[in-house]
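As a plain string of letters, each chain reads:
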Amino acid sequence: MSLALFLTFLTFSVGMKVYKRANLPVFLDSLRDGRFHYFLFGLFLSVSLQSDEHLSAFIEGLRYTLVGVGLVWFGFQTGLDFEIRRIRRYPGSDTISQFVQTLASLLIVAILVWAAEPLLISHLGLGGNIQMVALVLGTFATSLRIPELIFYRGRKAFAGHAHLVNPACLILFAFIFPFIGEEAVIQMGPISFIGYTSIFTLLVVLGFLLGIVLDFVFHVHKEALKCAYLCLCVIAVVGGPSLQLQIPGLVIGFVGGAWLINTSVQRRTILELSESIGAAVEPIFFGLLGSLLAQHVVSPTFPFQETMIFAILFFMLRGSIKTLCLLIGRYISPMNRPWTDLTAMAWRPLGALSAAVLLQGLYVGIDFTNHALISGALITIFLTQALPVFVTRGTFQASRNHRPSS
Amino acid sequence: MGILAILSVILADFAERSGFPAFIGALLAGLLMGPTGLFSEAAIESVHILSEIALVWVGLYLGASVTPSLISDRRYLVPSIITVMGATLVSFFAFVYGFGFAPEDALRLGLLASVSAPILMLRSLSKQVEALSFSLLTSGLGLLFLGIVLNLQSTRVHTISLELFLGIGSWLIGVEVVNRCLQRIRTDWGRFFLFGTVTLIVFLASKRYGISALLLSSVSGLLLSLRREHPDASRILGRLSQLLAPFIIAEFAVNLIPSDLGSLAGRPFTILLAFALCVGLGKSAGLFLSSRLSAGPPGAYHTVLPQGILSAGLFIPLLPIGILPVPTQSFEIAFVLVCGAGISLFTLPFRILGGGGLIGPIQRPPEDDKPHRSGGFGLK
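Taken in order, these protein sequences are the chains called A and B.
If you use this note's numbering, the first sequence corresponds to residues 1 to 406, in order.
If you use this note's numbering, the second sequence corresponds to residues 1 to 380, in order.
Worth flagging that the hints you see were computed from the coordinates, not collected in a lab.
Heads up, the beta-carbon is just placed ideally off N, CA and C, and yes, glycines get one too.
Be a bit skeptical, because a hint or two may be false.
Claimed, not checked - Cβ-Cβ distance ranges computed for the label pairs, FRET-style:
hint, chain 1, residue 1, chain 2, residue 2, range
1, A, Ser264, B, Arg292, 36 to 46 Å
2, B, Phe193, A, Gly195, 41 to 51 Å
3, A, His219, B, Ser72, 37 to 47 Å
Stated by the list, open to error - Here are the computed lysine to any residue pairs in the SDA-like style, where the Cα-Cα straight-line distance is at most 20 Å:
hint, chain 1, residue 1, chain 2, residue 2
4, A, Lys226, B, Asn151
5, A, Lys226, B, Lys207
6, B, Lys207, A, Ser48
7, B, Lys207, B, His48
8, B, Lys207, A, Ala57
9, A, Lys226, A, Ile212
10, A, Lys222, A, Ile180
11, A, Lys226, B, Leu50
12, A, Lys226, B, Asp188
13, A, Lys226, B, Arg17
14, A, Lys222, B, Lys207
15, B, Lys207, A, Ile212
16, A, Lys226, B, Phe193
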């Protein structure tokens, strides 16, 4: 461990100087935006600690809990994007078009994943429960990295209401999950939740509870750090039952966030605070993700070739399907845009929510065995982020300057 | 974990507004949560790990707050040294001659009496800057001496090896890297995240090498502070420490109430009470000597009298298990309740007479009064 830390610190010291003096290429900058370096850090740290069994066991338990709680946070952040007042400003046809595109791409990806079940089981070590895998991968493929503004050749391209996509993904996930969830009966103390309606109600009620308590926290506590601390504790409280009952914390967080942003009068404070908390939560999440995959990736039986093939195929598939769905969406809401705009919209990168959706699969009964599928999907995320289509360095910087957060 | 963290913060706030130390509120939260049955063995284990990580953060705060300017200020240094020495010696003799402890055990417990001052409670009280500095330096010096004593008393044989050199080398380089990062990072959130990473690494290193996490983090913070003074570091670390401290104390208190309350009947609590009061006596004697022999900050002595968060973090590793003819659990109840709460209550009449009042609003420093609404997070 000493050697690992020693090398890490040296690398970090040198890296700081290099980063300060050298201009990173656009694709590296985009990966840095996607917290790729934190993923590498988590991977490296976990690999170097693997020799210590006691530490490894400790990290395993802590990681499982923290990631589960983190999922609620990502759902909450997405819920804050679902502001009905803002959505009403857009033309109805645009909103419907975006929703139809999301639904279509989710269904197409899910059907293709379902059809590829034998391949996934034999080559990537999937343990079964293909319906849930299809839902997770469908939602994963449809999600986006937000915020994402597209610039090319010095002008801003139409982003196509990108911030509607992620809420639409989670709404669809919420509606479909109770159909195909692992547990038909959920026992919560003396109360039993049986069937679709009950389980869906449970998700919604927990989400409302989260939103109400967070609203109370924001009202009572004015100090920012205390607010943030209590928010994360409340999210941990809600995250606990979701881990225990194997229900999606993403959905609960989404409902809570949507409730909060649409009912609270302190919207600006909430958005600012969540932006700041997210800036801390995302790096930790990706670090944990790196440590989660470390033990499997270094194994000699890990199917590297199959994982890479899956990643590249899924990357191509996603882009193609989203392009197709965009063309379908043009019939509902005509867009007078050049083909380059449409292509750029279709190939927008995946982001933190995508990784969260992927890991949600771990907590709703999917057996990934050797995590090859997760690794492959993660590579897909980074491939999409390393491919800023039609973007030069100057325009990428311009797009980053428009982002509300650093 | 979430419920414990929230309840401890709420009750600590309530206790503070009622004029009691926040320590008592947090203790109450833990004692209330313990018998509820919400905590299974696995849950206790995982919450304990998080509590240890939080304690590392507090240790970093303590170390980073002991700045060269504070150490070189004789107004604080001399009274702190006298307090630590006086408290240690009085408690030492009380334990050796009153309870017949072995000298090495008595020395450790004597140092415990001097270490635990309310380094976090005073942050929320205005006009207590001098008391806070005095409290920080006392705790810091006590912890340093405790670390030296523990190392000398340790039976572990440290072999000189490449791994040891690499470990020390990576530690020193790490401190330097953190120092340089702090000079470059301009935002509070950036610094916060940096300290979070340092906390995790220190915790993992302490588990890996079997070193006390609190001592390692305190010394790391001290090295950082000695390398270069970072006022923002102390501020950022302290603000989160104030929120983490109730959680640490509440977690400590969760296990105190046994499931079978009847087992407490008939225990010789008088011995336990006397033991706990010895620790308090040592602290009081140390402060009394300090006030008589040095020109310390006026009005600060009684504010640093109560036990603080470090007693919760250090007690279990330092207690000589089995040395008293009673179960450890009952002893912990007596120690924490009396030493921590009791001394605080004993000082209450002095504070009321001093115009502090019984129930009143918390007087916060001006920088904490403004709601943070302007752009960004606004930890400043």
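Check your understanding: In ascending order, which of the hints set out earlier in this document are inconsistent with the structure?
Key -> Violated hints (numbers, rising): 1, 4, 5, 10, 14 and 15; every other hint is consistent with the structure.
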